[in-house]
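In the order they appear, the protein sequences are chains A and B.
Taken in order, the first sequence gives residues 1 to 184; the numbers are from the numbering used here.
Taken in order, the second sequence gives residues 1001 to 1156; the numbers are from the numbering used here.
Check each hint, because a few of them may be wrong.
What the hints assert, rightly or not - Below, a sample of chain B positions facing chain A; criterion: calculated Cβ distance under 8 Å: (1) T1043; (2) P1056; (3) L1057; (4) M1061; (5) A1064; (6) S1084; (7) R1085; (8) Y1086; (9) G1087; (10) L1117.
Hints were generated in silico from the structure; no laboratory data involved.
C-beta atoms are modelled at their ideal positions from N, C-alpha and C, and glycine is treated no differently.
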Amino acid sequence: MTRVTQVTILIVLVILFALLYQGLWGDPHRIPTVLVGTRAPLFEGPDVETGASLSSSQFAGKVILVNFWASWCQECKVEHDNLLRLYEDFRDHPDFVMLGINYQDEVEDARAYLKERGSGFAHMRDVKGTLAIAFGVYGVPETFVIDKAGLIRHKRIGPIVGDAYTQLTKHVLTPLLNDANPVL
Amino acid sequence: MSRFIPMLFVLCLAYPHVAHADVVDETAIDKQVRAIAKTLRCTVCQTENIWESGAPLARQMRDAIRERVLRGESAGAIRAYFQSRYGDYIMMEPPKHGINWLIWLAPFLLLFGGGLLLWREINGWVTRTPAPRPDVPPLDEASRRRIRQDMEPPEV
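In isolation and in its complexed conformation, chain A is listed as follows (with noise of 0.2 Å):
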């Protein structure tokens, strides 16, 4: 076997085993969106405390944060009180909006749930699972930040917290609500 041939095989082994590295433990949090940069899908929805009916037409104009969640999720416990404090930071700002989906979950658990652990801003049902799938939802919790025009520009999988956090308020939201592009 010549020198130039066991290279070639060094090197094809090498990527298959970092192939095989990447897919066996690799981040699943890091699974590529194709939705960042796409219109985001209208939705609506019955709000979860009231029953009220949300749409998102009510929030044309205005950098939307939606963060998907259930009540049986333990990750959305975790990120929960983040959530909270990440709304007071920025509800004072007319161009922002909050708006939490409930997914897969029961009426009364959602509500016992936001009634135990607080809930400042709104909560829509997902009734179907359709939003869910609109917005390629893997699971709980999701959050998606949709700027003025209505473009998907930032798309989490998993709790908004550590560096997430920081990555979220200080380099997408705050740059979308002053008109400029998010720092990714």
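Add chain B to chain A, keeping to what the hints say.
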């Protein structure tokens, strides 16, 4: 009593037909939903298609497919919708474009490369096996007899 026994007999004969009377077949809509759902990957279980998955998201996706079939959308349009939401990842059979070609061609390329390597190695062994030297005289009969004797098992 004389009438009851024949009636019972007739009822027993009729039972299998009665028992199977409520068996229903798939509707055309069911068949379309199944055909489409089998081509889409369950995004939370990953190794199953959404037709076979018991995950709630897969069930909701089946319902979404049914709604779209009932609205008259084609199978291609429904698949394209799911692909637009989740990317190529949701397709059980990766679409043949771009980097996806690697998935389709890699097994054949590896098979070809491996076969070529094997062929070269075997060819090398054959080439390296020394041919009989023409200057060495063939064994005479006495030498052959001695070798045969040497190879026989020793007498105990």
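Evaluation of the provided hints:
1. T1043: 5 Å, holds
2. P1056: 5 Å, holds
3. L1057: 7 Å, holds
4. M1061: 6 Å, holds
5. A1064: Because about 5 Å separates A1064 (chain B) from the closest Cβ in chain A, which is inside the 8 Å limit, the hint holds.
6. S1084: 7 Å, holds
7. R1085: Nearest chain A Cβ about 4 Å off; hint holds.
8. Y1086: 5 Å, holds
9. G1087: 4 Å, holds
10. L1117: 7 Å, holds
Comparing the model with each numbered hint stated earlier shows that all of them hold.
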